[in-house]
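Participant: So the chains spell out like this:
Protein chains: 2
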Amino acid sequence: MAVSIIGAGAIGLLFAAYLKKADVDVTVYTRTDEQAEIIRREGLYLIVDDEKTNVEVRAKSLASDETIEDEMIIVCVKQYQMNDLKQILRKNSKGKIFLFLQNGLSHLSFLKELNDCQILLGVVEHGAKKIAQNRVIHTGIGQTNIAYFSSVQMKAEPAFFRNWNQVQFPFVFRSDWYEMAAYKLIANAVINPLTAIFRVKNGQLLTNPYLRTLMRLLWLETVQVLRLPSEQLWDYVVDICEKTRANESSMLRDIEAKRLTEIDAISGYIIEQAKMQNINVPYTTFVYNSIKALERKNELSDKKEGRQNDH
Amino acid sequence: MAVSIIGAGAIGLLFAAYLKKADVDVTVYTRTDEQAEIIRREGLYLIVDDEKTNVEVRAKSLASDETIEDEMIIVCVKQYQMNDLKQILRKNSKGKIFLFLQNGLSHLSFLKELNDCQILLGVVEHGAKKIAQNRVIHTGIGQTNIAYFSSVQMKAEPAFFRNWNQVQFPFVFRSDWYEMAAYKLIANAVINPLTAIFRVKNGQLLTNPYLRTLMRLLWLETVQVLRLPSEQLWDYVVDICEKTRANESSMLRDIEAKRLTEIDAISGYIIEQAKMQNINVPYTTFVYNSIKALERKNELSDKKEGRQNDH
Numbered sequence: 000m001a002v003s004i005i006g007a008g009a010i011g012l013l014f015a016a017y018l019k020k021a022d023v024d025v026t027v028y029t030r031t032d033e034q035a036e037i038i039r040r041e042g043l044y045l046i047v048d049d050e051k052t053n054v055e056v057r058a059k060s061l062a063s064d065e066t067i068e069d070e071m072i073i074v075c076v077k078q079y080q081m082n083d084l085k086q087i088l089r090k091n092s093k094g095k096i097f098l099f100l101q102n103g104l105s106h107l108s109f110l111k112e113l114n115d116c117q118i119l120l121g122v123v124e125h126g127a128k129k130i131a132q133n134r135v136i137h138t139g140i141g142q143t144n145i146a147y148f149s150s151v152q153m154k155a156e157p158a159f160f161r162n163w164n165q166v167q168f169p170f171v172f173r174s175d176w177y178e179m180a181a182y183k184l185i186a187n188a189v190i191n192p193l194t195a196i197f198r199v200k201n202g203q204l205l206t207n208p209y210l211r212t213l214m215r216l217l218w219l220e221t222v223q224v225l226r227l228p229s230e231q232l233w234d235y236v237v238d239i240c241e242k243t244r245a246n247e248s249s250m251l252r253d254i255e256a257k258r259l260t261e262i263d264a265i266s267g268y269i270i271e272q273a274k275m276q277n278i279n280v281p282y283t284t285f286v287y288n289s290i291k292a293l294e295r296k297n298e299l300s301d302k303k304e305g306r307q308n309d310h
Numbered sequence: 000m001a002v003s004i005i006g007a008g009a010i011g012l013l014f015a016a017y018l019k020k021a022d023v024d025v026t027v028y029t030r031t032d033e034q035a036e037i038i039r040r041e042g043l044y045l046i047v048d049d050e051k052t053n054v055e056v057r058a059k060s061l062a063s064d065e066t067i068e069d070e071m072i073i074v075c076v077k078q079y080q081m082n083d084l085k086q087i088l089r090k091n092s093k094g095k096i097f098l099f100l101q102n103g104l105s106h107l108s109f110l111k112e113l114n115d116c117q118i119l120l121g122v123v124e125h126g127a128k129k130i131a132q133n134r135v136i137h138t139g140i141g142q143t144n145i146a147y148f149s150s151v152q153m154k155a156e157p158a159f160f161r162n163w164n165q166v167q168f169p170f171v172f173r174s175d176w177y178e179m180a181a182y183k184l185i186a187n188a189v190i191n192p193l194t195a196i197f198r199v200k201n202g203q204l205l206t207n208p209y210l211r212t213l214m215r216l217l218w219l220e221t222v223q224v225l226r227l228p229s230e231q232l233w234d235y236v237v238d239i240c241e242k243t244r245a246n247e248s249s250m251l252r253d254i255e256a257k258r259l260t261e262i263d264a265i266s267g268y269i270i271e272q273a274k275m276q277n278i279n280v281p282y283t284t285f286v287y288n289s290i291k292a293l294e295r296k297n298e299l300s301d302k303k304e305g306r307q308n309d310h
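Quick note, the sequences are listed as chains A and B, same order.
Quick note on numbering that gives the first Met the number 0: the first sequence kicks off at 0 and runs consecutively.
Quick note on numbering that gives the first Met the number 0: the second sequence kicks off at 0 and runs consecutively.
The set of hints was computed from the structure by calculation and includes no laboratory data.
Each hint should be verified, as a subset may be incorrect.
Identical chains share a label here; the pair holds if one copy fits it or two copies do between them.
[To be verified] Mimicking DSSO-like on lysine-lysine, the simulated pairs with C-alpha atoms at most 30 Å apart in a straight line are:
| id | residue 1 | residue 2 |
| --- | --- | --- |
| 1 | Lys111 | Lys296 |
| 2 | Lys90 | Lys302 |
| 3 | Lys200 | Lys302 |
| 4 | Lys257 | Lys90 |
| 5 | Lys154 | Lys20 |
| 6 | Lys296 | Lys257 |
| 7 | Lys111 | Lys51 |
| 8 | Lys51 | Lys95 |
| 9 | Lys20 | Lys274 |
| 10 | Lys129 | Lys93 |
| 11 | Lys200 | Lys111 |
| 12 | Lys90 | Lys242 |
| 13 | Lys154 | Lys59 |
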């Protein structure tokens, strides 16, 4: 099966490299001609510990009227970049299998506009860091959870699974997409904003008692809004913090690199859902405005320094 | 009238220098022998713009069984250092005039334990920065508001006022101590934690729309708890931010210098009062835990670097 990967950030490059290693026919769609050119010329470099693997993949920049022939499309752009893609995806949906890897749930309303296709959602638990246009470090080996986006529970694994699975790049099939996505959203809504506001690694949310208090207060709001008020989900979030204790969250890295964050897809989505249910979410509102404030502060300091944002 | 000043931080040194310039007989009580020795040897330096004035004052370190003979005692230590002083103040209260310059209202319950004395509260609106043990820069010329701490409104100015007043160091008498202190507390509860969490100057609370949103949410809680829900008080806080737009708040400076902050006297007090009235204060709870978390983070990074905290 031929696969098109849209978006060549850390996750896009990671998927491209591993799928190519599994003999999948891969095309990477980039935003810039420059990046496509480098990938074509030098190939992709996948770096795991001290091992560096070079793989060759097709690459081209995505045109606004692009026609995608491949049977499968993996969408790896950030949620806030989805808007630019909507027209292209609508146009290319017929007969396709889509796999969406965005954080949060806010892009889901758009997916209903895609016709005559199969849609899968993925939750990526790998750590990955893009260090150059065609170089990605696999910083943490996790797994990719995949589920059909469907109103009924789909219990049959898609066929391509067997081929994609690799020791360092496993896939796990989930029958309930909402549970899968909501779990990830809860972890993101609790861990990401706090680590970015206080510039701490994930583990410090547990060891600093005041951050742990804030984490619990945020968690309480989040599970109430998502209607999953189970203490198991607290253990789940604590467990992620422990396992990734030495890591910086993606939102912290975004703030440090003065990029836009995914706060709208995460806390913004919780606030929207809370409004519809008439629930007050002051802690979520605080962190939402905090991250927006930091983005704005970064934007202004960039202007002062005459820099351009890289989004 | 002879005046003892307890506490030789920025405000203590500022008062010592200006009162001495007004021919008041001043003794400064320091925490360390070292600082008292430097002040005795070199005098105090008061720096305003390009002008540097040297004044001689008595100085000694405060013993735990100190007997203070001077008629008036100005208490300039931080609220969180008050505990160490209580015994000394109780022992020396008879016949004295006290002037307390702490932020917040949380030290007031102790004042009722002082007998046979007059008590005044002061709210200092000067900017001052201590740059050495015996050197203080008067960074912003404001005023000192003073009121009797009393259950009845006291409309008569104390006599010493006329002598203390100076163009760059004016005193303003207030008849209602609660209003005076509560106004300052509201400004502190709104401006200080937000500027310290986001590492911004006071003016950015107004220009960054997300910080302005948080400022308003915090303000709403604060005025509700202090039972002063008047829109004039919003204008008052905005006005302070505008006038001090290029300044760093004292709490931001404390966090940057890895010192303890006055968060307990400010947001901690609001939370206590809210509990007694059964009011929910999530925004205040968020900033309280945030500042505590940053203090803890500073403490840990100090330990790592093998530094000692200077409190």
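Participant: Going through the earlier hints one by one, which of them does the structure break, listed in rising order?
Facilitator: Violated hints (numbers, rising): 1, 2, 4, 7, 8, 9, 10, 11, 12, 13; every other hint is consistent with the structure.
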